[in-house]
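Each protein sequence line maps, in turn, to chains A and B.
Position 59 of the first sequence, counting from 1, maps to 59 under the numbering used here, and the rest follow consecutively.
Position 354 of the second sequence, counting from 1, maps to 1354 under the numbering used here, and the rest follow consecutively.
Note that these hints are calculated values from the structure, not bench results.
One thing to keep in mind: the hints can contain errors.
To be verified - Partial list, derived from the structure: chain A residues whose beta carbon lies under 8 Å from chain B:
{"#": "1", "residue": "Gly170"}
{"#": "2", "residue": "Val174"}
{"#": "3", "residue": "Pro183"}
{"#": "4", "residue": "Pro259"}
We put the beta carbon where it would ideally sit given N, CA and C, even for glycine.
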Amino acid sequence: MKANRIWSWIFLALGILYFALPLIGTLEFSLKLRRGAYSLDAYWVVLGDPRFQQTFLYSVMMALATIVVGVLLVVPTAYWVRLKLPGWRPFMEFITLLPLVIPPIVIVFGYIRLYNTSSWLPLTGSAMGTNILLMFGYVVLALPYMYRAVDTGLRAIDVATLTEAAQSLGAGWVTILSRVILPNVAVAVLSGAFLTFAIVIGEFVMAALLSRPAFGPYMQLLGANRAYEPAALAVIAFAITWGCMALIQVVSRFAPKTPEQPH
Amino acid sequence: MADPFLSIRHVEKSFGTTRVVQDFNLDVEAGEFVSFLGPSGCGKTTVLRMVAGFEEPSSGNIVVAGKDITRLRPNQRNIGMVFQAYALFPNLTVAQNIGFGLKVAGASRADIDRRVTEMLALISLPQMADRYPYQLSGGQQQRVALARALAPKPKLLLLDEPLSALDAKVRVSLREEIRTIQKELGITTVFVTHDQEEALSISDRIAVMYGGKAEQVGTPFEIYNRPATKFVANFVGTLNVLEGTVADAAAGTVVVDRQQLSLKGKLDGSRPGEALSLALRPEAVALGRRADSDASLSGRIADVHFLGSVIRIRIGIGDRIVSLDMFNNSSAPPPAVGEPAEISFSSKDVLVLH
Ligand SMILES: Nc1ncnc2c1ncn2[C@@H]1O[C@H](COP(=O)(O)OP(=O)(O)O)[C@@H](O)[C@H]1O
Ligand SMILES: [Mg+2]
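Looking at chain A on its own, in the form it has when it is part of the complex:
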């Protein structure tokens, strides 16, 4: 019993080290731009770089668009499947897991084939078209997380009865979705949104192959050409991701509490 506990602690410590050491190393390295002293110089260089600001802003905008489109796509779909097509749930699970199995590079090559300038819908012919294409690509990448988050949120409420209660009070589908379903899965939607945000901010393959000025390709470019700044950038990217995770934790405290259900 006692030996068991000691081993658990040892493995936990090893796990933490495995995870933390590269981070600590990166952090330490990022502070060494100025010879002989720790400084934040590398961070000032990165943050002051107009390309950083442009690409970061671009990716933030893309992330927000992805979240909006993803929510509008996923919430009604997951709701409808739960309400009317429960038999389809395994099929939906499968579909929404596909983006984890199919590499983004395959998806993006598929897009380029389908939507090139000589196709029936030449999205890649314009910057806006390509942005839209990239945004839909991001929606696909985020689908497994968004769908699962929303579906879990829906499981916590009695979707069918709440829908019928709202209907008997005169509500139509738009009212039901916006006033009853969405507010009750808001926390699930938000956690899906933060995950989406983290994915979009760090995504490289799709943005690079569609040659959009996103944050991922900028990180790669910087990494190929500079020494200390990429380390600083990595730390910043980590901080953003972790910030998102922390926000998920914070918002989940504000979930509407479901009253005890009768059995």
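Following the hints, position chain B with the ligands against chain A.
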């Protein structure tokens, strides 16, 4: 007679190949409180959901206030519904829940506030406006659900086993409250329950359902005292059933456990030798011989249950058991198990079930 307010006409419903409601007919007068009573799975909820619009009848139609609503969507019917699971919106306060229907209908803020206050007073929870559903007990949640259903002034109120999830005490007090509110507002109401005591105590009329059909529709008094079918007789109230054989139909004599009984005028159309079930309510049976009884049987005391003010005694007659209730009497102890005993009753209280 005026046209009924709610009219369910020849309604049928099949799920796939199973017919769960068959040829259901019911007329409900304006302001009437009608219960659907029946065992689980007999189709009560399905009929109610067709009235609410959540299921579409396979055939037949439903008319409310002279208007055929059979194909109308549920949100266009203006019918209030209360569910067993309360189904309050968890993200809204009590006041917002109650105001939901009015808000959807586009009522002004002031009108909503006024009506919400009125409804909170009606359900005696005026101080609960800003609570959330999870902060309420089950009974309080169901009262809020009732207020929410009533707030938009629906034409009809439907309740699907609204008390089943509550504990016994709350169940009794809330059913009285529902009935009081219903009378106060004069709203036409259909109430679904599998609990016969509930149905008997608060309904103007009861539709006893079995196998997707209305077996009998009548006042609680009629349903209890003059059950039309064997099922109704058995399902509503406690019933003692004795098996008998007709000896002489014209004279009304029946043999029960080798003892002769005379049931004059109750056996018309029976043939000698025919087997019959004779049913008796416990309160129609007395222990010992009584002056006002014209029929009696003898047997043995099988069981004595002391229930406080009432003592329930079970008497074996042949291989059948007859229960009867007597009031506790501090100067006369109940009979002992195994003693011979005689029961008496009035032949007009015997229900002959073919
Ligand atoms: N959506 C449905 N699909 C298939 N069968 C159903 C459905 N709803 C109800 N049933 C069946 O119809 C019968 C009556 O159900 P219900 O009306 O809920 O009974 P009750 O409310 O009296 O308990 C049951 O046998 C039930 O299994
Ligand atoms: Mg039911």
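Exercise. So which hints don't hold here, by number, going up?
Worked result: 2
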